[in-house]
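One-letter residues, chain by chain:
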Amino acid sequence: KQEVTQIPAALSVPEGENLVLNCSFTDSAIYNLQWFRQDPGKGLTSLLLIQSSQREQTSGRLNASLDKSSGRSTLYIAASQPGDSATYLCAALDDYKLSFGAGTTVTVRA
Amino acid sequence: GAVVSQHPSWVICKSGTSVKIECRSLDFQATTMFWYRQFPKQSLMLMATSNEGSKATYEQGVEKDKFLINHASLTLSTLTVTSAHPEDSSFYICSARTGSTYEQYFGPGTRLTVT
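Chains A and B are the protein sequences, given in the same order.
So the first sequence is numbered by my numbering: it starts at 2 and just counts up by one.
So the second sequence is numbered by my numbering: it starts at -1 and just counts up by one.
Any given hint could turn out to be false.
Listed next, the in silico BS3-like pairs over lysine-lysine satisfying Cα-Cα at most 27 Å (straight line) [stated by the list, open to error]:
1. B:39 / B:12
2. B:64 / A:98
3. B:53 / A:2
4. B:39 / A:2
5. B:18 / A:98
6. B:53 / B:18
7. B:39 / B:64
8. B:12 / B:62
9. B:39 / A:98
10. B:62 / A:2
11. A:2 / A:98
12. B:39 / A:43
13. A:98 / B:53
14. B:18 / B:64
15. B:64 / B:53
16. B:62 / B:18
17. A:98 / A:69
18. A:98 / B:62
19. A:2 / A:69
20. A:43 / B:12
21. B:39 / B:62
22. B:12 / B:64
23. B:18 / B:39
24. A:98 / A:43
25. A:43 / B:18
26. A:2 / B:64
27. A:43 / B:64
Just so you know, these hints were derived from the structure itself, not from any lab.
Starting from the given sequences, assemble the full structure and let the hints guide the process.
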């Protein structure tokens, strides 16, 4: 059974600092790894999806890396802004099923 | 593209009653739809997977007689919470997938409160 862990559970940084969010998964036989953003009381917004054959994906200030062999993915957010405050979830897809981590709640202080 | 809607966005019902939540894929045909539940400050937990025209497959620990799932068309799946109790209060999120890709597209969620 796939277990997905996210560390830290919460993070508070001053505006402008770079963010590093970690995600680990136990079964490396995944099809893809996806990062989501969730605002309080809202649904999921897909940020980046990394296929199993890829090492990283970039979109604007966001960069996500994937190391299947070690079962790790990292989401980097450059030059954080207060609007980046949210919970970030990673999810690993295997056997047609998405397994989610518990999330990292980020607060960016102005 | 790849938009998924849910209705209602929030619902309050009394204990013992049933409530139906709809999940629609608006601009694509969804061969598979998924239902998740999220308790406060916890992550999403998969409840069941449904393929169009087939019975849903429920995850371990999810009562299939309590959470009825119907996937009658390629654009609509419904989740009915029967005889709801306060402990069923949660955020329910659906997602949909086409047959050509593994990626799931998520709906905005439905907040259920059982009083």
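Do the hints match the structure? See the list:
Restraint check for residue 39 of chain B and residue 12 of chain B: satisfied, since their Cα atoms lie roughly 24 Å apart, inside the 27 Å limit. Pair hint residue 64 of chain B plus residue 98 of chain A holds up; C-alpha atoms about 22 Å apart against a cutoff of 27 Å. Our distance criterion of 27 Å between C-alpha atoms is met by residue 53 of chain B and residue 2 of chain A, whose separation comes to about 23 Å. Proposed proximity of residue 39 of chain B and residue 2 of chain A is supported: the alpha carbons are some 22 Å apart, at most 27 Å.
At roughly 24 Å between alpha-carbon atoms, residue 18 of chain B and residue 98 of chain A fall within 27 Å of each other, so this suggested pair holds. A hinted pair counts as satisfied when its Cα atoms are at most 27 Å apart, and residue 53 of chain B with residue 18 of chain B qualifies at roughly 17 Å. Proximity of residue 39 of chain B to residue 64 of chain B is assessed by CA-CA distance (about 24 Å); at most 27 Å being required, the pair is judged to hold. Our distance criterion of 27 Å between C-alpha atoms is met by residue 12 of chain B and residue 62 of chain B, whose separation comes to about 21 Å.
For the suggested pair residue 39 of chain B and residue 98 of chain A, the alpha carbons sit about 22 Å apart, so the restraint of at most 27 Å is met. With a CA separation close to 21 Å, the supplied pair residue 62 of chain B and residue 2 of chain A stays within the 27 Å bound. The straight-line distance between the Cα atoms of residue 2 of chain A and residue 98 of chain A is roughly 11 Å, inside the 27 Å bound, and the hint therefore holds. For the hint pairing residue 39 of chain B with residue 43 of chain A, the CA-to-CA distance comes to about 12 Å; that is within 27 Å, so the pair holds.
Distance check on the hinted pair: residue 98 of chain A and residue 53 of chain B sit about 17 Å apart at the alpha-carbon level, within 27 Å; holds. Restraint check: the Cα-Cα separation between residue 18 of chain B and residue 64 of chain B comes to about 12 Å, which is no more than 27 Å; the hinted pair holds. With a C-alpha separation of about 15 Å, the suggested pair residue 64 of chain B and residue 53 of chain B falls inside the 27 Å cut-off, and the hint holds. Between residue 62 of chain B and residue 18 of chain B the CA atoms are separated by roughly 14 Å; this keeps the pair inside 27 Å, and the hint holds.
With a C-alpha separation of about 17 Å, the suggested pair residue 98 of chain A and residue 69 of chain A falls inside the 27 Å cut-off, and the hint holds. Proposed proximity of residue 98 of chain A and residue 62 of chain B is supported: the alpha carbons are some 18 Å apart, at most 27 Å. At most 27 Å may separate the alpha-carbon atoms for a hinted pair to count; residue 2 of chain A and residue 69 of chain A meet this at roughly 16 Å. Taking the CA atoms of residue 43 of chain A and residue 12 of chain B, the gap is about 23 Å. The hint holds against a cut of 27 Å.
The straight-line distance between the Cα atoms of residue 39 of chain B and residue 62 of chain B is roughly 25 Å, inside the 27 Å bound, and the hint therefore holds. Restraint check for residue 12 of chain B and residue 64 of chain B: the C-alpha separation of about 15 Å stays at or below 27 Å, so the hint holds. Simply put, residue 18 of chain B and residue 39 of chain B have alpha-carbon atoms about 24 Å apart, close enough for the 27 Å limit, and the pair holds. A C-alpha spacing of about 22 Å is found between residue 98 of chain A and residue 43 of chain A, which places the hinted pair at or below 27 Å, so the restraint holds.
Straight-line distance between C-alpha atoms of residue 43 of chain A and residue 18 of chain B comes to about 19 Å, which keeps the hinted pair within the 27 Å bound. As the CA atoms of residue 2 of chain A and residue 64 of chain B are separated by approximately 25 Å, the hinted pair is consistent with the 27 Å bound. The suggested pairing of residue 43 of chain A with residue 64 of chain B holds, with an alpha-carbon distance near 25 Å, which does not exceed 27 Å.
Going through the hint list in order, the structure satisfies each hint without exception.
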